Amino acid sequence: MALPLALVSCGSDETPADPADLGTLTLMIPLLSGDAAAPAVDSDMHKAVEALTGKKLQITWVPNSNYGDRMNVTLASDDLPEVMVVQGKLPAFVQSAEAGAFWNLTGKLDAYPNLKTENKQIELNSSINGQVYGVYRRRDPMRAAVIVRKDWLAKLGLKMPQTVDDLYNVAKAFTENDPDGNGKKDTYGLIVPKWPGVYATASPYDVIETWYGAPNGWGERNGKLVPGFDTPEFLEANRFVKKMVTEGLINPDFATLDSAKWDQQFFTGKGGIIVDVSSRAGVLTRLFKEKDAATYANFVDLTGNLTGPSGKKNSYPTVGFNGFLSISKQSVPTEAELKDVLTVLDKLSSKEGQILLNNGFEGKNFTVQDGYALGKDATVPAIKTITNDVMSFAQLGTASNGYVAYVSLPAGQFERQQYEQRVKFHKADEASAIHNPAQAIVSKTQVAKGAQLDQIIADARIKFLAGQINEAVLKAEIQRWYTQGGQDIVNEMNEQYAKIKK
Amino acid sequence: MAVNRNTPAGRVFDAVNTLVLVAVGVVMLLPFIYVTAGSFARESELAERSFFLWPRDVVTDTYEYIFATNTFLRSLIITVLVTAVGMVIQVLLTFTMAYPLARRHLPGRNLLLGMVVLTLVFSGGLIPTYLIVRELGMLDSYWALILPLAINPFFLILVKNFFQELPEELQEAAQIDGCTELGVFWRIVLPLSKPILATMGLFYAVAIWNDFMSPLLYIDDSTKWTLQMFVRQVTVSSDMANTVGQLDPNYIPPEQGLKFAVIVIATLPILLLYPFLQRHFAKGILLGSVKG
Amino acid sequence: MGKARLSTRLIRYRWLLVLLLPGLAYFVVFKYAPMYGVTIAFQDYLPFLGFDGSPWVGFKHFETLFSSPDFPRVLGNTLILALLNAVFVFPAPIVVALMLNELRVSILKRAIQSAIYIPYFLSWTIVAALTYLLFALDTGPITVLMNDLFGERFDFLADPDWFRPLVILQTLWKEVGWGTIIYLAALAGVDSNLYEAARIDGASRWKQMWHVTLPGIRSTIIVMAILQAGNLLDSKFEQIYLLTNSLNRSVAEVFDTYVYFLGITQGAYSYSTAVGLFKAVVGVALIYGVNWLARRFGHSGLF
Chain A
1 MALPLALVSC GSDETPADPA DLGTLTLMIP LLSGDAAAPA VDSDMHKAVE
51 ALTGKKLQIT WVPNSNYGDR MNVTLASDDL PEVMVVQGKL PAFVQSAEAG
101 AFWNLTGKLD AYPNLKTENK QIELNSSING QVYGVYRRRD PMRAAVIVRK
151 DWLAKLGLKM PQTVDDLYNV AKAFTENDPD GNGKKDTYGL IVPKWPGVYA
201 TASPYDVIET WYGAPNGWGE RNGKLVPGFD TPEFLEANRF VKKMVTEGLI
251 NPDFATLDSA KWDQQFFTGK GGIIVDVSSR AGVLTRLFKE KDAATYANFV
301 DLTGNLTGPS GKKNSYPTVG FNGFLSISKQ SVPTEAELKD VLTVLDKLSS
351 KEGQILLNNG FEGKNFTVQD GYALGKDATV PAIKTITNDV MSFAQLGTAS
401 NGYVAYVSLP AGQFERQQYE QRVKFHKADE ASAIHNPAQA IVSKTQVAKG
451 AQLDQIIADA RIKFLAGQIN EAVLKAEIQR WYTQGGQDIV NEMNEQYAKI
501 KK
Chain B
1001 MAVNRNTPAG RVFDAVNTLV LVAVGVVMLL PFIYVTAGSF ARESELAERS
1051 FFLWPRDVVT DTYEYIFATN TFLRSLIITV LVTAVGMVIQ VLLTFTMAYP
1101 LARRHLPGRN LLLGMVVLTL VFSGGLIPTY LIVRELGMLD SYWALILPLA
1151 INPFFLILVK NFFQELPEEL QEAAQIDGCT ELGVFWRIVL PLSKPILATM
1201 GLFYAVAIWN DFMSPLLYID DSTKWTLQMF VRQVTVSSDM ANTVGQLDPN
1251 YIPPEQGLKF AVIVIATLPI LLLYPFLQRH FAKGILLGSV KG
Chain C
2001 MGKARLSTRL IRYRWLLVLL LPGLAYFVVF KYAPMYGVTI AFQDYLPFLG
2051 FDGSPWVGFK HFETLFSSPD FPRVLGNTLI LALLNAVFVF PAPIVVALML
2101 NELRVSILKR AIQSAIYIPY FLSWTIVAAL TYLLFALDTG PITVLMNDLF
2151 GERFDFLADP DWFRPLVILQ TLWKEVGWGT IIYLAALAGV DSNLYEAARI
2201 DGASRWKQMW HVTLPGIRST IIVMAILQAG NLLDSKFEQI YLLTNSLNRS
2251 VAEVFDTYVY FLGITQGAYS YSTAVGLFKA VVGVALIYGV NWLARRFGHS
2301 GLF
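Chains as they are written, first to last, in the numbering used here: chain A, 1 to 502; chain B, 1001 to 1292; chain C, 2001 to 2303.
Chain A on its own, in the form it takes in the complex (with noise of 0.2 Å):
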């Protein structure tokens, strides 16, 4: 055993990424272009990023599939880039954060004219327990809506569903009443997909909860924080929701369908609605644009959450960031050096650096008509490739400040009124948001068993709308989400909660 280990130890010749040298700033950032390219480091993006920050910008691209293996053999490194995208509080991400990876930037980002954030919620949200590890990046708050087939609802004569009872009713006419015409009972009212992810991961099954009143993840009863499944609105949702898969008002492969088939299924009318975030829409649109340009603005049409059975409006929320932008404290190892770290990235964060990042060039990717960006013809390679590095280069923009770019849209009227439908409708949406309270806060047994214990959830629910259980063994079930752990994890986190509040 001692060769290897000789072998391993680090020397002391070793330089790792020159943590003196304040002219260059090493990033990590994950790879998400749509496209396969990196940016070059002689493309325009890169060379504009590096004009306004005034720093040589030595970029580590990491395809965003593997972020997260490229992550942890990193962290083990010991040659950890100055700054790094961490795209939310993984485990990994927190142990490192607690055990001093990363600089503690509470109350530290207020300095900043960009930095500081605009919504203290959302920073409260991005931190662990209250400690902020990261420079979040904002996102939208309020996002999801429910798409409905536009010539299906004109065709049977109905409007756009406001009320889950609406809902239902829509979705038993787009089922029984042959929407498409075609003499035939093929079509059903609702498409669900296979859902990947666990509990209280943005599934149509977790917002039509939310609507009936639900805790989004996480609620506050009786002054004790519980989860979301123990609460009789959960159940009523998802007896409602088996109702309507009893009925065909569903597809009846919700368990199995194919998640990237989804659009499909609108698009080639076997099902007439979608509950998921509102930019679905554009994707929707964008496709029945390719087939016919003349008649596309007929098949879709969105509204935002919906009202419960109680008449009052529970809106879904997102989380408002995605993950956020870390920096090591072995790389910058002074507070002077974070603090030209920090005056960087509110660079970024300022309005000049936000429409580089989000837009690109005025006058040669894209042309401003009205305050919004419109892209230039992404089919001229040239432009295309900026477009594509304006998307990686995204990835770097914080906008905790607010969001100063301009909205990108595609060319089209269109696409321009059904963008300001949505700004219009989430908006009224905040309002009623329920937010999860426990979002910022992190327990030692949810980082070690919560995503299997959630899994225990979201299967039973499956089954339960499958008809596979009845409501007894769902119960059961949420008991076993306890007796597993789940406990430790309810009381850990009302201890957290309770120092938060205070």
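Don't read these hints as lab results, they were simulated from the structure.
Restraint-style ranges between C-beta atoms, simulated for each label pair: (1) B:F1052 / C:F2088: 27 to 37 Å; (2) C:R2073 / B:L1092: 43 to 53 Å; (3) B:L1092 / C:L2010: 17 to 27 Å; (4) A:K424 / B:V1085: 57 to 67 Å; (5) A:A99 / C:R2005: 49 to 59 Å; (6) A:E495 / C:V2281: 33 to 43 Å.
Since we're looking at a predicted model, the values are computed, not measured. Glycine residues also receive a C-beta, built at the ideal position from the N, C-alpha and C atoms.
Position chains B and C relative to chain A; hints supplied.
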């Protein structure tokens, strides 16, 4: 020999055998044809039709785009070179190690074999291997794509087994005729090993070609990426990004047609290797006459 | 050749030993030097703290594994799948290789060989997408066919009883063609004089196959069997993961998917390493076991 061939039973057997194999071949070929056809189809057609062998409108946007940027071409060249060089090194290392191990009286043979067998199932894992590669200064170098995987113990044992099958008398006879051990290896054994040499060449080439983990972990500089990074980026990232709650609003998934085109381009070159190597399989039959 | 003295043997084999050195160096540096990594199974490992800094916890993770309520189910699922693989997947390439060997039209033979190895290059994501397409409830072509044939409503994707057949079918489709290559190489080495002799004796083609071809590739078959025994508890993570859903999870969860949840999504490096170590120990035992069996029946085995 004509007897068996022409009996009615023999002919029925041949007919059935041919039919079954052709059917199997078609079943295995169709999906790739679909992927190819899909790479020339429009998005709305891909969304509408689940399966087709010829697109309604043939469009070539995806290919035009892929070849308009030089990144793809560059990584294709890199992949071909790394695969070619890597294959030679890996085959060489495997054969030179397998040959001595095939000799029953080699001192320490059982110990060494035991050591090899253990690595079939035990591995130190991702992180320690990464640290070694880093200590050796191979990060961001193409060697990191070749050397850490230089010998696959599975393949090593297959080759060793093959050598063991060769008649030992043959080698001893050659030695008596004045050949050195290395001379025997070079002049007698290798020429007899064409089928296994071709097989290992193919196995190693395909393994490097398809390797995704090594470039992911060891190559920071995206100008040095191999094709699999692109394939993975286009085909998998989007699916994983779709995992719920993760779907970034800023993220536009790659077009299905682009995915297919990338798969086609990244698969075709390596697919062509096999038909090329096939003739070496036939040549091995000569071995029989030597043995007899 | 008798057992010569060690020093004599060292001298006699000196060039061969030199030949061995580069390979040996490889194993030491890239296989054995990182082996200390298995110790994290006995730690609460955290990459940031490293191998020196992470606390030692002894057999904690093994205790957790063996006492976990999931353990018997996961082990059972893994074993059943391994058994099915051994029975259906392992012999398939041999059969196909023998069939190809009987094919006399050489162009056709090469064309089919090339066609059947293509699926190996398609990712599991694509295989899964095709499976979902073909076996979709009520609409998949195979589902429709089966429904009509048997007058039942098949739910291949959700029904736990169909999970394993689907996995086996997928594996067969994707890997049989690739698997034939090694056997075709072995078949190329079968002495053609033996066929000649058999034909003169009037042996039928079945007899030739049985008495000439099969013995000719027997040692390859045995080595493949031994090598694959070592990976008995391995499943193809992506394949299983993509085919799993809430309704079939009870039969679908195997060690590799189980570890994924713990290792990747929960950062339990140590626990997943412990599971890996358990699998490896079983693998080594199986390799030696099958090897012993092979030798017992008079074959040469691995070593």
